[in-house]
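Protein sequence lines, in the order shown, are assigned to chains E and U. Last residue of the first sequence: 48 in numbering that gives the first Met the number 0, with the numbers rising by one and none dropped. Last residue of the second sequence: 824 in numbering that gives the first Met the number 0, with the numbers rising by one and none dropped.
For the record, the hints were derived by calculation from the structure and aren't laboratory data. Honestly, I wouldn't trust all of these hints.
Straight-line C-alpha distance at most 25 angstroms; calculated SDA-like pairs for lysine to any residue [as the list claims (entries may be wrong)]:
| hint | chain 1 | residue 1 | chain 2 | residue 2 |
| --- | --- | --- | --- | --- |
| 1 | U | LYS149 | U | GLU300 |
| 2 | U | LYS536 | U | CYS599 |
| 3 | U | LYS764 | U | GLU300 |
| 4 | U | LYS495 | E | PHE30 |
| 5 | U | LYS495 | E | ASP32 |
| 6 | U | LYS495 | U | LEU145 |
| 7 | U | LYS764 | U | VAL295 |
| 8 | U | LYS495 | E | GLU34 |
| 9 | U | LYS536 | U | LYS495 |
| 10 | U | LYS536 | U | VAL602 |
| 11 | U | LYS495 | E | LEU33 |
| 12 | U | LYS149 | U | HIS325 |
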Amino acid sequence: MSVIYLLIPLASALGIGAVWAFVRATRAGQFDDLETPAHRILHDDDGEP
Amino acid sequence: MSTVASERSETQVVSPCAHCGLPVPPGMVDASAPEQFCCSGCRVVRRTIESCGLGRYYGMKTDGFAQPARPTGRAYAEMDDRAFLDRHAPLVAPGLRSTELILEGVHCSACVWLLEKLPRVLAGVVEARLDLRRATLRVTWDETALPLSKVARTLDGFGYRPHAGRDPEARAARQHEDRRMLVRIGVAGAGAGNVMLLAFALYGGHFHGMQGEYARLFRWTSLAIALVVLLWPGGLFFRGAWAALRTRSAHLDLPIAIALAAGMVAGTLNTILDRGDIYFDSLTGLVFLLLVGRYVQRRIERRASDAVEWLFSLTPRVARLCEGDHIREVPPETLRPDHVVEVRPGDSFPADGVVCDGQSSVNLAFITGESRPLTVREGDAVFAAATNLGRVLKVRITTTGRATRVGKLLTLVEECGRRKAPIVQLADRMAGWFTVAAMGLFVVTLCTWLLVDAAHAVDHAITLLIVSCPCGLGLATPLAVSVALGRAARSHILVKGGEVLERLGRRSTSAPVLFLDKTGTLTEDNLTVVAWHQDPKAAHLGLRAWVAELETQSAHPIAQAFAAEAEGKMAAELLASHDTGIEGRVDGHGLLVGSRRFVCQRVQHVPAWAEAMRQTFSAQGQTPVWIAVDGNVSALAGVGGRVRPDAQQTISAFQRRGLRVEILSGDDPAAVLAVGATLGLSPEHCHGGLGPEDKVRAVEAARRDGPVVMVGDGVNDAAALSAASVGVAVHGGAEASLVAADVYLGRPGLSGLVDLFGGATRTLKVIRRCLAVSLGYNVVAATLALTGIVNALQAAILMPLASFTVLAMALWMPTFRNHQEPSCP
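Taking the hints into account, I'd like the entire structure generated from these sequences.
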């Protein structure tokens, strides 16, 4: 059971990483517009060079 | 008319327009062309799009909302102005600027594709990103490579008319606040989830046994996470509670903060002392749920203000400055006295001034409430926000900005807004009582248990504080309000905030007063022929149709009232057109249509009946129009604003509800009385000839007795809208009235007003029921805690149950009806 002493800090580190990523994404404005990306993804495979 | 149109469309094969997809009118069909267009605008736009190599756009367009394109061909030179760029388009990198343009006509995913191809079409545009919901395009471009006006002209050529946003600073601040709230929710959610996982383990250990050292590890980890959640996202509630304490006002944050603090302190102590319950799972879950509730409400309220802002930006913020023979488009802020500007028909004046060239008629309805257009010629004063109806005018500016008549009105609007005391919302009022009750019970529990069982006294008292946290309360109001606002917006009623619903729906001792403006609110904006009197001797002539046909050839606003009835069945020949009348020939008869002076100078004899009718029409506030056939006065028409078809029904609906309905108008008292009489209002309830200040005085006098709802559309109503308990701006209202009003009716007519009242009453009912359920739960839980029957675990299970009940009620109970359904039984 003592592996829990390793697992909990590890899980916490992962959690903190995810929260950090979310905060960064939010501050960069990735969640400002939740509608248009759904449309955009449909036609990005255009014959760009 | 409509039957004629439908017959046509049945007999002809309708081909859709190659740009917008709407049926092409038979007159526009060109059999030799492979593609048909409904208008020249669509043709130009399709050519432009194809010449840019973006023809694929038409392949991906989906059906649905479409409208014909109308490229304006404007130069958009004002967008290259230095001051404009510095305000709206900040530098994002050396030489690169970025701005947001609000676009008209954006509707589907093909638009996203087309608009984001802008960098390929225009060298120098670095990026173009469209926000479909807000119809806003963010453009980043290299200012050394091309000017912004070029971008704007290209967008215009594609059929998307671009507009600059109004208040970039406020928008940026709102965006920043939204992001911060989302970060808070994210952190609280992640924290709550992790604490919940640890709590599962702890509860499992509670029942099946767990080694002490592991339990301690779990408890300490929970403490660490809960501290982060409570101090970072949860700090919002503590700050709110502190502000409430400092201003000695009741606020829902206060009892929430007390529960959070009590739980946190008790949990921390128990963790350190390694005994009793920790409450971190409930606390973090609570913070998360409450934040979500607030965020949802704010997003819905934001949607209403976004929609209003979108409407604002549609009025062009540009003045056409004359520099010698050359005309330059500039932002109106840069105008100075003695500048000369050109004002085209349909445009509004950018500042107060004096006409120095030209002759036209001016619509002052927004400013004074006067329904009749005013004729202006050289030397006459014109005012900002009035609309030029007739011909091109040159105006020498006398005053600009705040010093204009409209500017002064706006200052009055702000003053009235400041004087308006905020109302204490139902949830906050309850919160005050809640805090007192919870603290009282806390003391009682603590004292009682100290006598009975001192060891568990603190535990029981703390449990009481936690279960009595008004989380149902904190969740119920924002959810019920946001659901109601969302439904209202779907039936085109934009409400700017939840408290508006409370002001409208609250039961009060005295009946509310409903003040209605006349011009543009009770009556329609554009002029129509409301009365027609024909000489019996000329009764065999189809005179009205003749006049309609002849008047299609004049641009005068009164002529437009007649022309609206034209069916295009006969030929009319225009012989002469003057400022006050026209002369023509229809069906072999000579026709004179115009003012009394114009017509009477050209006939031998003025009959007595005509003179009498003229006085009747004038007394009713209509403009009399004289019609003579072959040198004899044969008919008299009264032109004015027609009363909206649903006005009568709306007013009776409110009178049945027991409201006092009155008219406050700036128009001629006789005209107001006449409209009031047709609507069944007694003369003492019809007030005419009121200036903006008089309207404010009337509203404030009535407010001393009870709530006042003011409905209006003009700048002259704006101050009264802002002074009233609730101000409602109607469809097509002036910008200032939109700013001042709390509610905007987005569909023409007044029926939305009935829905608004009904919806607000029902929403308050839902809120009250949610509050009752959540209070009932709190009372039961507090009793159980007081007697020591429940422990923290059971409280933690009961808590979300209450929240879910409230959530379900807020979502499913009826508030605003869909407006397709009949609104009255």
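The hints, checked one at a time:
1. U:LYS149 with U:GLU300: violated, 35 angstroms
2. U:LYS536 with U:CYS599: Between U:LYS536 and U:CYS599 the Cα gap is close to 19 angstroms, so the pair holds against 25 angstroms.
3. U:LYS764 with U:GLU300: Cα-Cα ~20 angstroms, so holds.
4. U:LYS495 with E:PHE30: holds, 23 angstroms
5. U:LYS495 with E:ASP32: holds, 21 angstroms
6. U:LYS495 with U:LEU145: Roughly 39 angstroms between the alpha carbons, so the hint for U:LYS495 and U:LEU145 is violated.
7. U:LYS764 with U:VAL295: Judged against 25 angstroms, a Cα distance of about 20 angstroms means the pair holds.
8. U:LYS495 with E:GLU34: Given that 25 angstroms is the threshold and the Cα spacing comes to 22 angstroms, the pair holds.
9. U:LYS536 with U:LYS495: With a Cα-Cα distance of about 58 angstroms, the restraint between U:LYS536 and U:LYS495 is violated, given a limit of 25 angstroms.
10. U:LYS536 with U:VAL602: Given pair U:LYS536, U:VAL602 holds - Cα atoms ~17 angstroms apart, limit 25 angstroms.
11. U:LYS495 with E:LEU33: Holds, at about 22 angstroms.
12. U:LYS149 with U:HIS325: Holds: U:LYS149 and U:HIS325 sit about 20 angstroms apart, inside 25 angstroms.
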